[in-house]
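**Q** Please take these sequences and the hints and turn them into a complete structure.
Chains W and X are the protein sequences, given in the same order.
As numbered in the working numbering, the first sequence has no gaps in its residue numbers, which increase by one up to the final residue, 505.
As numbered in the working numbering, the second sequence has no gaps in its residue numbers, which increase by one up to the final residue, 505.
Bear in mind the hints are in silico, worked out from the structure with no lab data behind them.
The structure presented is a predicted model; accordingly, all values stated were derived computationally and were not measured.
Accuracy of the hints is not assured; some may be wrong.
To be verified - Listed next, the in silico DSS-like pairs over lysine-lysine satisfying Cα-Cα at most 30 Å (straight line):
hint : chain 1 : residue 1 : chain 2 : residue 2
1    : W       : 11        : X       : 14
2    : W       : 91        : X       : 98
3    : W       : 14        : X       : 4
4    : W       : 91        : X       : 92
5    : X       : 38        : X       : 67
6    : X       : 92        : W       : 296
7    : X       : 461       : X       : 472
8    : X       : 220       : X       : 151
9    : W       : 91        : X       : 11
10   : X       : 14        : W       : 4
Number of protein chains: 2
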Amino acid sequence: MELKVQRIQIKAGKYKVVLNTEDARELGVRGGDRVQLKDHSYLTAIVETGDLIEKGTVGVYQECCDKLGDVCPLTLNILPTSRPSSVGFIKKMMDHQKLTQEEIYQIVQDVVRDNLTEIEMSAFVTSSYIHGMTSDEIEWLTRAMIDTGEKIEFNTHPIMDKHSIGGVPGNKISLLVVPIVAANGLLIPKTSSRAITGAAGTADLMEVLAPVEFSADEIKSITEKVGGVIAWGGATNIAPADDKLIRAEYPLSIDPRCQLLASIMAKKGAVGADCVVIDIPVGSGTKVPTVEEGKKLARDLIELGERLGMSVECAMTYGASPVGRTIGPAIEVREALKVLETMQGPNSLIEKSTALAGILLEMGGVAAKGRGKELAMETLRSGKALNKLKEIIEAQGGNPNITHTDIKPGEHRAELASPADGYVIEFDNKRIVEIARIAGAPIDKGAGVWIHRKKGETVKKGEPLITIFADKSWKLTNALKSAEKMSPIIVEGMLLERVQTFKVF
Amino acid sequence: MELKVQRIQIKAGKYKVVLNTEDARELGVRGGDRVQLKDHSYLTAIVETGDLIEKGTVGVYQECCDKLGDVCPLTLNILPTSRPSSVGFIKKMMDHQKLTQEEIYQIVQDVVRDNLTEIEMSAFVTSSYIHGMTSDEIEWLTRAMIDTGEKIEFNTHPIMDKHSIGGVPGNKISLLVVPIVAANGLLIPKTSSRAITGAAGTADLMEVLAPVEFSADEIKSITEKVGGVIAWGGATNIAPADDKLIRAEYPLSIDPRCQLLASIMAKKGAVGADCVVIDIPVGSGTKVPTVEEGKKLARDLIELGERLGMSVECAMTYGASPVGRTIGPAIEVREALKVLETMQGPNSLIEKSTALAGILLEMGGVAAKGRGKELAMETLRSGKALNKLKEIIEAQGGNPNITHTDIKPGEHRAELASPADGYVIEFDNKRIVEIARIAGAPIDKGAGVWIHRKKGETVKKGEPLITIFADKSWKLTNALKSAEKMSPIIVEGMLLERVQTFKVF
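**A** Right, here's the structure in full:
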């Protein structure tokens, strides 16, 4: 069917066209069906139908226009065509049938190429969530995620890497682990994420110190030059399927185990990692509530690593309480830098960073078994880690002379004071993160929450429990209001709720 | 956040707005999150993000514009807000937890109000498909589907109704069943569907004879006037959730059992049916491959009917072969009318129609137990059914004097000839329907396939197996090409494939 082209200057996120409802009926297609745009290297597009597009006209979204080239044609010959074969494979998953390696590759490739509709993407992640995948399938999924993106191949080995499962606020340890490892002569090309539901991802943190958006080639050359990098994975084309799957999972608040495993290991595999340490925070509020489940996850990660030719070690860490006392980009970086400069800072941060760095030092063969932590601590104490971080900052294009006092929290701040004398008996990680986000984190770098009292600590009435920082005063107001309405910290003896009687005498 | 409004004259199918990616980050929302459009009766919209919309601007799709009223405001105050609670209930379904009646009602209401994104809709239908629902949940789903739409309440009872599970081509029996039942003094307000993947739904057929788009009130008054109606359900607001769920299921080629049950019974419940006969075609190619499964489906339908206060009887029918010899709107109607006028026509059509009508005559108390079919046959033979159909056609605004010879198949026609002498050993229903659709059915009324030979019948080389009809010559060409490429009918002794050797001597 020959139709007049009407350009729609909106990105649909897919190759999409809109047909008038009558034209669609005439063609025998419905919303979600596919059509071929003939005479144009057989571009396949997803159909949307509507009445606002005139009969005889096809609305062409931006992505299709781009693909059709500079001179978008005046008319297009539209033909119905079948759905991608991967839709049938997703149906197999729904029916709990095992997939072959080729079928999984096809699905991942169509995910990366934006060939699947949101309905189909959702059916895929929902089925993955409900049925799970076999170890074979998870391996194939991981390999497909690696192979459908860019890969880095280093000439020197071993390549070290580190990942945190997440779910614990204030987890700024990569800022210490990467320079400690690199300072000992090992290569560690760390790609990391920005916060999606958290207050600051490692990429958000590093961005306070230097640019984080690099191509795979740049990540390779920076790593070869200074031993390490802390880059935002989203700027690369490494395992691009991952982001697209997350976009379908996020609205459903799900994180299917098979995709969690594949997502982690694909990113490690794509940078050519040989030795990987994985931090599994355990405790209420994290992704892994019990030690039992942590062990299960660790076994799965180690097995998947073996299948892919990577050595994996997992460390279960205490995740019920934040790491350090800061939540939010600038103040987290300030806290981490201060440790690197002075060894002064929260024990939870120093202990966790050196423990994980130590594992990598042992895996990389630069520390004897059982002596990694000691070497990590020494690397920190001697200032070698600080110097290495400065080199990394400089290589990424930041100012290497920055010190922790240069990093200023947001100019607007407010304290939440304790309403009573007593112990902190409840500490709500999720609420702390929520407040930091309302205050503007992670997008406003100065926004965040400084924690004065953690669980079990004593406080006097009127003393601050937290300080909220914000770059914008209206965000501070909202964050404080939220904190006052439902306090993230409960002090023993604190009045939780006042139930009034309206007795008439 | 106060943003300048940019109207987008496209229907998104939902209340949707587009935010610039940076504005979205600033607000802390991502694609699929919700925002409130403040100062405008707190309209909630789904967020899409993109770079083609300028920073400081919000793109507002047609549905939101419509809701905001004639004078779309110049700026809007946008606030993040939480997802509808039904998204949490869908998550419960994914986790295989039972839902309460209120939770199911909430989901159905949000489906009807277009409050759910495609990702959420797909998660709902995928979970329903994988986990199924309990009998309680199916009852609640059905009730919710009835209560979120229009209902018809008749003063006279009983109200009769009929449904076919579908999957068998050429099933034009409603054109006979409805007038037979109505001619015997019973009320039968039949709402029916248009073909989605088939060649002709009952609504597509009736439309050859008369208009089929009526409101619930009109359906009621036509039924009260002449005893019956054959209307398109899609024009009413009866059980509107059904269509919206189908729109999410169609792209996945799934028909979750719980939704199949609820869909059928909600439409019957909404028109106030007391007695319902359900035709369950059984056989390869239908929705119910075995008698065992047919019985299970029948039990489920009867139980659900009991819960809703309806008498339900099911008839398992032969579904492996088309009913009659015609597929496609005009020629099916011609075949049905000829039976009504002359009692001449395929046995499969006459037997099936009178059997099902007979069950309704017994259920409605106008025929003694075991005598319904006899009465149905008599009603047909006497011409009473034909007269009743003419009354119905007239009441729906069609020409009551139409006869079967007035109905012309498409002017373009081609035959597929048998390549050999022999028996028909394979007959592919799905291929026949596909060919009819390529020829233009159901949208081109004259398009379709006339079947000359069914399974087991003999044919001589060169005699026609099928005749293809089309309103448009290019569609005929495509249909014939498709039929020749893969024949829907295999004759014994026919060469299936020629495997050539390229032996060099």
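**Q** With reference to the structure, classify each hint as holding or not holding.
**A** For each hint, the structure was consulted:
1. Restraint check for residue 11 of chain W and residue 14 of chain X: the C-alpha separation of about 17 Å stays at or below 30 Å, so the hint holds.
2. With a CA separation close to 24 Å, the supplied pair residue 91 of chain W and residue 98 of chain X stays within the 30 Å bound.
3. Our distance criterion of 30 Å between C-alpha atoms is met by residue 14 of chain W and residue 4 of chain X, whose separation comes to about 26 Å.
4. At most 30 Å may separate the alpha-carbon atoms for a hinted pair to count; residue 91 of chain W and residue 92 of chain X meet this at roughly 22 Å.
5. In summary, the hint linking residue 38 of chain X to residue 67 of chain X is supported, as the alpha carbons are separated by about 13 Å, within the 30 Å threshold.
6. For the hint linking residue 92 of chain X to residue 296 of chain W, the alpha-carbon distance of about 24 Å falls within 30 Å, and the restraint holds.
7. Restraint check for residue 461 of chain X and residue 472 of chain X: satisfied, since their Cα atoms lie roughly 29 Å apart, inside the 30 Å limit.
8. As the CA atoms of residue 220 of chain X and residue 151 of chain X are separated by approximately 10 Å, the hinted pair is consistent with the 30 Å bound.
9. The straight-line distance between the Cα atoms of residue 91 of chain W and residue 11 of chain X is roughly 29 Å, inside the 30 Å bound, and the hint therefore holds.
10. Distance check on the hinted pair: residue 14 of chain X and residue 4 of chain W sit about 26 Å apart at the alpha-carbon level, within 30 Å; holds.
The earlier numbered hints are all upheld by this structure, with none contradicted.
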